[in-house]
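Participant: Now for the letters of each chain:
There are 2 protein chains.
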Amino acid sequence: MMKEIAEQPEALRRTLKAERAHAEEFKGLARARNFRLIVLVARGTSDNAAQFGRYLFELTTGIPVSLAAPSVHTLYHAHLNLRDALVVGISQSGEGTDINRVLASARRQGAYTVGITNEARSTTAHVVEDVFLVRAGKQHSVAATKTYTGQLMVLYLLASALSPQITLGAISEIPHRVRETLRLSGEVRELVERYRYMRQCVVVGRGINYANAYELALKLMETCYVVAERFSSADFLHGPIALIERDFPVLIFMPPGKTFRDLSRLADRLRMLRAETVVISSAGVRLPASTRAIRVPGLLPEIYTPIPYIVPGQLFAAHLAAVKGLDPDKPRSLQIVTRTV
Amino acid sequence: MMKEIAEQPEALRRTLKAERAHAEEFKGLARARNFRLIVLVARGTSDNAAQFGRYLFELTTGIPVSLAAPSVHTLYHAHLNLRDALVVGISQSGEGTDINRVLASARRQGAYTVGITNEARSTTAHVVEDVFLVRAGKQHSVAATKTYTGQLMVLYLLASALSPQITLGAISEIPHRVRETLRLSGEVRELVERYRYMRQCVVVGRGINYANAYELALKLMETCYVVAERFSSADFLHGPIALIERDFPVLIFMPPGKTFRDLSRLADRLRMLRAETVVISSAGVRLPASTRAIRVPGLLPEIYTPIPYIVPGQLFAAHLAAVKGLDPDKPRSLQIVTRTV
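Residue numbers (this note's numbering), protein chains in the order written: chain A, 1 to 341; chain B, 342 to 682.
Chain A with its partners taken away, still in its complex shape (with noise of 0.2 Å):
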């Protein structure tokens, strides 16, 4: 797992090289076919990229945004109306069984059908009208790391190609930018040792970075055996905040932008809660009192935030899992192809 997070700034940049020629072609059919709808397809990690897909086609190009459930296809046989809808399936392996069919059906019912893989020769690649490759190498780790922000990578592509918001140049600072991050590593060691014994936790984020919470609390759950709760701060607010007691631990994504004020409030009041709260943010940024800060390097528009920013948190997993005595690429009960329908 700390390699392939390691190999990130290269593999993204592979990824956005090999698909950048790629991303301006989609452009020209993006025109022609006047998409309505988008609807994202996915499970387990590449589920926690349709989050974020989510909200990157929403916030910049103006066309709503369905993240599909499954069994709607496989389990019920429900047939939807995807005419004028762009169906984007994302499976690192590409042979998740589920997604698949659901694209197959989509296909069929009209939809114009993309899938995001890091396997060329995969059932995905196959089963889709167009393909974009991640390029992020053979993932040996059972716990996605660099599979998740290549795809991350390919739908920021994607939404260059479907809205003049999201610009090559700024994506092409992205591998660099993860690589500072990167430097965190020893400083996030350090840091871990204090949850040795975290049993459970809460991870927040809003809008942009929502995906990030999702994220991480997955990598705690399959490598550190932590149960952690994942919600966006108004979520949180709706209820489960009534969880928190002194010392409970939340971790919460915050860079500067338009949902900072909003975690800020959170954070205030968890500390009136006297809760453990370990900030994820950018350097120079005024935060509020927290128990812990961890600081991305640089200043991005938080458009372009949430591939450096789960960094830290995939160093977080790795390294509490090796402080806790576990095999964070063998987590007990799960194989790299998990197959459902």
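Worth flagging that the hints you see were computed from the coordinates, not collected in a lab. Check each hint, because a few of them may be wrong.
[What the hints assert, rightly or not] Just a few of them, taken from the derived set where beta-carbon distance is under 7 Å, the chain B residues facing chain A:
#1 Phe376
#2 Glu399
#3 Asn422
#4 Glu563
#5 Val568
#6 Pro581
#7 Ser674
Using N, Cα and C, we set each Cβ at its ideal position, and we do this for glycine too.
With chain A's structure known, arrange chain B on it following the hints.
Facilitator: Chain B only, in chain A's frame:
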């Protein structure tokens, strides 16, 4: 909370009686408008009702559904193309600031807006073009129960206007089923003694009962301060199952129907991991081996199970709070109306 749980048969009957003609009228409008997309907007318990609506509408109407991300509108001020969309806002109090802002903004963006609320004079009721009232009577407990099932009832009524698959005859059976199910109260009270010291658990549902997994988990978090994760069985197998060790409690909604085989397989897998399982299913159905089973009386087509099936969940949470010596009506850190943007 217990009083409001018990009021549900009457509240559901009242809502059904008061709004069925309205649903009939809505048919004509729906035909004329020819909706291409349904967007559901909600927070907290109402968002769990929206999750139910998502499956209900996709399964019966063939119209794709999107669960809105409020921050897209309220913090980022994005403009979505919502022409030909039906946008349904769900809010018990009708005073959720974010929900009302999304509804107002959706209306400006060309959508037809409907509100579902318990309060006729609320902001939600004024901001939308058409309002369906949940006649649950005043909600006093912070933990929503009768308003949740009332919202589900209204969603059935809306679905009956959009699809011949949902019939008023079948919906009319539901209040009686809820009355029968309430008889489980004594049995559930005895059962929860076993979970006096439960601090964390997982709740699993799939398809049309996926929303109930969210709702039961939320009730356990709010009223019992149990860290309760919620997953579909498929998502659970894609990572979080690594959490499961001997004695870890997993509550499973397992109605007979399309999702039964999938959930049974999960229960078998959990037995191999020596987890503690509590299965909520129908009387007379042959179940996989589980630690405990709660049997909902009678047999209903799967699509009509969610309202009766949440009742044992509500009873479980209310009794467990009592056994833990907590007041479920006034969870710490919560008010009945939560304002977020």
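Participant: Decide, hint by hint, whether the structure agrees.
Facilitator: To see whether the hints hold, each was checked on the structure:
The closest approach between the C-beta of Phe376 of chain B and any C-beta of chain A is roughly 10 Å, which is over the 7 Å cut-off, so the hint fails. Taken as an interface hint, Glu399 of chain B checks out: its beta carbon lies about 5 Å from the nearest beta carbon of chain A, inside 7 Å. Because the beta carbon of Asn422 of chain B sits about 5 Å from the nearest beta carbon in chain A, less than 7 Å, this interface hint is met. The interface hint given for Glu563 of chain B holds, since its Cβ lies 5 Å from the closest Cβ of chain A, which is under the 7 Å cut-off.
Given the 7 Å rule on beta carbons, the hint for Val568 of chain B holds: about 5 Å separates it from the nearest Cβ of chain A. This hint holds: Pro581 of chain B has a C-beta 5 Å from the nearest C-beta of chain A, less than the 7 Å allowed. For Ser674 of chain B, the interface hint holds, since its Cβ comes within 7 Å of a Cβ in chain A; the closest pair sits about 5 Å apart.
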